[in-house]
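Just so you know, the protein sequences line up as chains F and G, in that order. Counting in my numbering, the first sequence runs from 24 upward without gaps. Counting in my numbering, the second sequence runs from 14 upward without gaps.
Just so you know, these hints were derived from the structure itself, not from any lab. Incorrect hints may appear among the rest.
Chain G regions said to be covered by chain F (calculated; three or more residues, Cβ under 8 Å) [as the list claims (entries may be wrong)]: (1) 37-50; (2) 95-106; (3) 112-123.
SDA-like, lysine to any residue: derived pairs with alpha carbons at most 25 Å apart [said to hold, decoys possible]: (4) 70/G with 38/F; (5) 55/G with 124/F; (6) 76/G with 118/F; (7) 117/G with 130/F; (8) 55/G with 25/F; (9) 40/F with 104/F; (10) 55/G with 26/F; (11) 119/F with 69/G; (12) 92/G with 130/F; (13) 119/F with 105/G; (14) 72/G with 33/G; (15) 117/G with 110/F; (16) 38/F with 110/F; (17) 55/G with 107/F; (18) 34/F with 55/G; (19) 117/G with 124/F; (20) 55/G with 47/F; (21) 119/F with 63/G; (22) 80/F with 81/G; (23) 55/G with 112/F; (24) 70/G with 124/F; (25) 55/G with 49/F; (26) 81/G with 26/F; (27) 117/G with 79/F.
Glycine is no exception: its CB is placed at the ideal position from the N, C-alpha and C atoms.
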Amino acid sequence: GAGVSQSPSNKVTEKGKDVELRCDPISGHTALYWYRQRLGQGLEFLIYFQGNSAPDKSGLPSDRFSAERTGESVSTLTIQRTQQEDSAVYLCASRKGGGGETQYFGPGTRLLVL
Amino acid sequence: EDQVTQSPEALRLQEGESSSLNCSYTVSGLRGLFWYRQDPGKGPEFLFTLYSAGEEKEKERLKATLTKKESFLHITAPKPEDSATYLCAVQESGGGADGLTFGKGTHLIIQP
Numbered sequence: 024g025a026g027v028s029q030s031p032s033n034k035v036t037e038k039g040k041d042v043e044l045r046c047d048p049i050s051g052h053t054a055l056y057w058y059r060q061r062l063g064q065g066l067e068f069l070i071y072f073q074g075n076s077a078p079d080k081s082g083l084p085s086d087r088f089s090a091e092r093t094g095e096s097v098s099t100l101t102i103q104r105t106q107q108e109d110s111a112v113y114l115c116a117s118r119k120g121g122g123g124e125t126q127y128f129g130p131g132t133r134l135l136v137l
Numbered sequence: 014e015d016q017v018t019q020s021p022e023a024l025r026l027q028e029g030e031s032s033s034l035n036c037s038y039t040v041s042g043l044r045g046l047f048w049y050r051q052d053p054g055k056g057p058e059f060l061f062t063l064y065s066a067g068e069e070k071e072k073e074r075l076k077a078t079l080t081k082k083e084s085f086l087h088i089t090a091p092k093p094e095d096s097a098t099y100l101c102a103v104q105e106s107g108g109g110a111d112g113l114t115f116g117k118g119t120h121l122i123i124q125p
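So here's chain F without its partners, still in its complex pose:
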């Protein structure tokens, strides 16, 4: 596609429920990132996928957060047993790889946990 796409654009859920967020990167981009943006805070790195290498999960805030990526395409971020503090915008970015440094962001998924 022309850019990074994410779905859903908005998600409202109840505390304790699981949610799954989807990211479709730019075609041909081998690297994919997830970030979280909480109100009044800077973007926080969560996880990074590069090709078939093991993902860098160093930014995941707890074991309730997990992510998967199928090859070099779609990624899903799953939050289990959601808490109110998980309310944030979840942003996905992709990068070309092979020396290309710039990360291009999707529009984000706005998650509200009631």
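Once you have looked at the hints, place chain G on chain F.
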């Protein structure tokens, strides 16, 4: 301690009034410094990447510069459509996490 600090947090200018936004950073080795623009309800839009001290890049009314400790985003004769939050991010060298470290942003308002 914050690795990336942006100032001011908010800035209100009149149309045509030039100014600069600051991004100071503390990393052991810089792989790249990135500027993004973010409009309300949207994802960050890439503006510039700077790699080494002394480097400058320009795009329309924007110019980004880099020193060993900070970067400036200069806005010349801004227009109302330049209103947005401007984000600065750094990527460290040395094999650490590949994710970017972002500042909290500068919220810029250009009044007509």
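The hints, checked one at a time:
A count of 4 residues in the segment 37-50 of chain G with a Cβ less than 8 Å from any Cβ of chain F is obtained; the coverage claim is therefore met, three being the minimum. Chain F is given as covering the segment 95-106 of chain G, and this holds because 3 residues of the stretch bring a CB closer than 8 Å to a CB of that chain, at least three being needed. Restraint check on the segment 112-123 of chain G versus chain F: 7 residues with Cβ-Cβ distances below 8 Å, three needed, restraint holds. A hinted pair counts as satisfied when its Cα atoms are at most 25 Å apart, and residue 70/G with residue 38/F does not qualify at roughly 46 Å.
For the hint pairing residue 55/G with residue 124/F, the CA-to-CA distance comes to about 21 Å; that is within 25 Å, so the pair holds. A C-alpha spacing of about 23 Å is found between residue 76/G and residue 118/F, which places the hinted pair at or below 25 Å, so the restraint holds. For a cut-off of 25 Å, the pair hint linking residue 117/G to residue 130/F stands: about 18 Å separates their Cα positions. Under the criterion of a C-alpha separation no larger than 25 Å, the hint pairing residue 55/G with residue 25/F is consistent with the structure, at around 16 Å.
Note on residue 40/F and residue 104/F: the hinted pairing holds, with a Cα-Cα distance of about 5 Å set against a maximum of 25 Å. Restraint check for residue 55/G and residue 26/F: satisfied, since their Cα atoms lie roughly 13 Å apart, inside the 25 Å limit. Restraint check for residue 119/F and residue 69/G: satisfied, since their Cα atoms lie roughly 23 Å apart, inside the 25 Å limit. Restraint check for residue 92/G and residue 130/F: the C-alpha separation of about 24 Å stays at or below 25 Å, so the hint holds.
For the hint linking residue 119/F to residue 105/G, the alpha-carbon distance of about 18 Å falls within 25 Å, and the restraint holds. A hinted pair counts as satisfied when its Cα atoms are at most 25 Å apart, and residue 72/G with residue 33/G qualifies at roughly 15 Å. With a C-alpha separation of about 17 Å, the suggested pairing of residue 117/G with residue 110/F holds against the 25 Å cut-off. For the hint linking residue 38/F to residue 110/F, the alpha-carbon distance of about 10 Å falls within 25 Å, and the restraint holds.
About 22 Å separates the Cα atoms of residue 55/G and residue 107/F, which keeps this hinted pair within 25 Å; it holds. Proposed proximity of residue 34/F and residue 55/G is supported: the alpha carbons are some 15 Å apart, at most 25 Å. Taken as a hint, the residue 117/G and residue 124/F pair is honoured in the structure, with Cα atoms around 21 Å apart against an allowance of 25 Å. Our distance criterion of 25 Å between C-alpha atoms is met by residue 55/G and residue 47/F, whose separation comes to about 16 Å.
Only pairs whose Cα atoms come within 25 Å are accepted, and residue 119/F paired with residue 63/G is accepted, the gap being roughly 17 Å. Distance hint between residue 80/F and residue 81/G is unfulfilled; the C-alpha atoms sit about 29 Å from each other, more than 25 Å. At roughly 10 Å between alpha-carbon atoms, residue 55/G and residue 112/F fall within 25 Å of each other, so this suggested pair holds. Straight-line distance between C-alpha atoms of residue 70/G and residue 124/F comes to about 16 Å, which keeps the hinted pair within the 25 Å bound.
Among the hinted pairs, residue 55/G with residue 49/F is consistent with the structure: their alpha-carbon atoms are about 17 Å apart, no more than 25 Å. Note on residue 81/G and residue 26/F: the hinted pairing is violated, with a Cα-Cα distance of about 33 Å set against a maximum of 25 Å. Between the alpha carbons of residue 117/G and residue 79/F the distance comes to roughly 23 Å, so the proposed pair stays at or under 25 Å and holds.
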